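Visitor: Chain by chain, the residues run as shown.
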Amino acid sequence: MLIIGAFEHSIELEEALSVLENRGILRKSIMVVPMDTDSTKSTQYISRSWDRYNKAIEVGMAVAPAGAVIGMSIGLVLKWGPVFWALILAFAGFAIGLGIYLFVNKSYNRHLPKKLPEVTVIVQCSEDRSMMVMETMRKYHALTVGHINEARNE
Amino acid sequence: MNSRIRRPLQRISIFGITYMHRRNPFIIAWWSAIFPGFGHYLLNNYIRATLLTLFEVCINSLGHINESIAYSFCGKFEMAKSVLHPNWASGYLIIYFFTIWDSYRSTVAQNKLCFLAEMENAPLQSFIIDPLEIQYLEQKNPNIAAWYSLLFPGLGQFYNHRFGLAFYTMFWWWLYSILSHVYQSVFYFALGDLQRSISILNIHWLLFMPSVICGATYHAYTTAINHNRLYRLEQRQYLAERYQKSDVLIFL
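Top to bottom, those sequences are chains A and B. Everything in the first sequence is counted per the numbering used here, starting at 1 for the first residue and increasing by one. Everything in the second sequence is counted per the numbering used here, starting at 1 for the first residue and increasing by one.
Worth flagging that the hints you see were computed from the coordinates, not collected in a lab. No experiment lies behind these values; they were computed from the predicted model shown. Be careful, since some hints might not be right.
As the list claims (entries may be wrong) - Over the 12 Å line for every Cβ pair with chain B, so calculated as not near, a few chain A residues:
no. : residue
1   : A6
2   : V19
3   : G24
4   : I96
5   : G99
6   : I100
7   : L102
8   : P113
9   : K139
10  : T144
Unchecked claim - A few chain A residues that face chain B, going by a derived Cβ cut-off under 7 Å, partial list only:
no. : residue
11  : I25
12  : K28
13  : I30
14  : V32
15  : M35
16  : M61
17  : A64
18  : V69
19  : I70
20  : L76
21  : V77
22  : A86
23  : L87
24  : A92
25  : A95
26  : P117
Glycine included, C-beta positions come from ideal geometry on N, C-alpha and C.
Turn these sequences into a full structure, and let the hints steer you where they fit.
Guide: Quick look at the structure:
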């Protein structure tokens, strides 16, 4: 039997592999394939679906303090005072930074789901152990688990 | 095989995870402009960044830079000029612009070193246990990190296991909030006593606070993202090494 499980990078993935080895699945019967969303080398960048929003939030956070300092200063002569105006202009700065970044980079190629199968684990085992392998994978947060009976190809 | 690692990408010590990361030099220079030292914190140059922040608070207080900035934005240019202490202000400006330039230059240099370190692909550390501390790579939620530093600067750093910076930031936030009377001001504002809520404020100490809270939030957020990135890299290295001799035959 071949059991195939798709995982995210997580501590649970390592737990699953440790449990499988501990229950007698030989290390050489396990194959681990790191998966990527683009063609850059897997050790360099591992892109995630929310990368673009992360960048936008970072730009917004960088604009916010400028707004806050200006708001605090002009708040000295405005009715509601420095603290209130600093908060208003900080949020405005954040929204402007976020909005401009998302607007400028809106041609981002594709929309990826939030959870990606980042690592595929393939286990070769006898048929009587297949249920144990599949249950272990599911218990440790596998996104999807599939199996195939090798015998049918022979 | 790996007789000597020339450039490790990351190192774990009792103080947390110190790492290299490619960054936009303009963003780092911008943070240095917001608060001298913040750019260096983002580059993981913790000691020089801390000294720069101490310098900023001391010289700014002696030269009354913050008051002058506040009056300038209000259009009260005469007051802005008269409050400024020229002895301190000129030196402050030189060091201020040097800090911006130095953080820009360091980012460009670190980006090149980071590229070489990534190409070298030396094994990453994932765990240390020390008599006084345990530190390890762990997946973090960047939104939680940002949220806690927004509530109280330093807590996001604590969440990221950077406890030295966490307590340093928390100490300063206490000091700023007490000296500026900001929470009292919010209290009077909530009671509807507008006059009192403004007159109680000390603008010098108040003007440090937006930069610090935004800087702490940004630092917590990006650090959490980078910890996740390192975690994934380390896990890939480990899995590739451990399961490289796989005998699994997919096509029989």
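Visitor: Decide, hint by hint, whether the structure agrees.
Guide: Hints and how they fare:
For A6/A, the condition that its CB be more than 12 Å from all CB atoms of chain B holds, with the nearest at approximately 14 Å. Interface exclusion of V19/A from chain B stands, the closest Cβ pair being 15 Å apart, more than 12 Å. Every C-beta of chain B lies more than 12 Å from that of G24/A, the closest at about 15 Å, which supports listing it as non-interface. Here I96/A stays apart from chain B, with its beta-carbon at least about 14 Å from theirs, past the 12 Å limit.
In this structure G99/A is separated from chain B by more than 12 Å, as the shortest Cβ-Cβ distance comes to about 17 Å. With a cut of 12 Å on Cβ distances, I100/A stays outside the contact zone with chain B, its closest approach being about 14 Å. Its beta-carbon lying about 17 Å from the closest one in chain B, L102/A satisfies the requirement of being farther than 12 Å from that chain. Here P113/A stays apart from chain B, with its beta-carbon at least about 17 Å from theirs, past the 12 Å limit.
Every CB of chain B lies more than 12 Å from the CB of K139/A, the least distance being 19 Å, so the non-interface label holds. With a cut of 12 Å on Cβ distances, T144/A stays outside the contact zone with chain B, its closest approach being about 17 Å. This hint is violated: I25/A has a C-beta 11 Å from the nearest C-beta of chain B, more than the 7 Å allowed. Taking 7 Å as the C-beta contact cut-off toward chain B, the hint placing K28/A at the interface holds, the least distance being around 4 Å.
Look at I30/A: its Cβ gets to within about 6 Å of chain B, closer than 7 Å, so that hint holds up. At about 4 Å, the closest approach between the beta carbon of V32/A and any beta carbon in chain B falls short of 7 Å, and the interface hint on this residue holds. For M35/A, the suggested interface contact is broken, since its CB lies about 10 Å from the closest CB of chain B, more than 7 Å. Residue-level restraint check for M61/A holds (minimum Cβ-Cβ distance to chain B is 4 Å; threshold 7 Å).
Hint on A64/A holds. Least Cβ distance to chain B is approximately 5 Å, under the 7 Å limit. Because the closest C-beta pair between V69/A and chain B is about 6 Å apart, less than 7 Å, the hint holds. For I70/A, the suggested interface contact is upheld, since its CB lies about 6 Å from the closest CB of chain B, less than 7 Å. With a cut of 7 Å, the hint placing L76/A at the interface with chain B holds, because the nearest CB-to-CB distance is about 5 Å.
The closest approach between the C-beta of V77/A and any C-beta of chain B is roughly 5 Å, which is under the 7 Å cut-off, so the hint is satisfied. Given the 7 Å rule on beta carbons, the hint for A86/A holds: about 6 Å separates it from the nearest Cβ of chain B. A hinted interface residue such as L87/A counts as satisfied when its beta carbon comes closer than 7 Å to some beta carbon of chain B; here the least separation is about 9 Å, so the hint is violated. A distance limit of 7 Å between C-beta atoms decides the matter here; for A92/A the minimum to chain B is near 13 Å, and the interface restraint is violated.
Among the interface hints, the one on A95/A is violated; its C-beta lies about 14 Å from the nearest C-beta in chain B, farther than the 7 Å criterion. Violation of the interface hint for P117/A is found here, the shortest Cβ-Cβ separation to chain B being roughly 13 Å, above the 7 Å cut-off.
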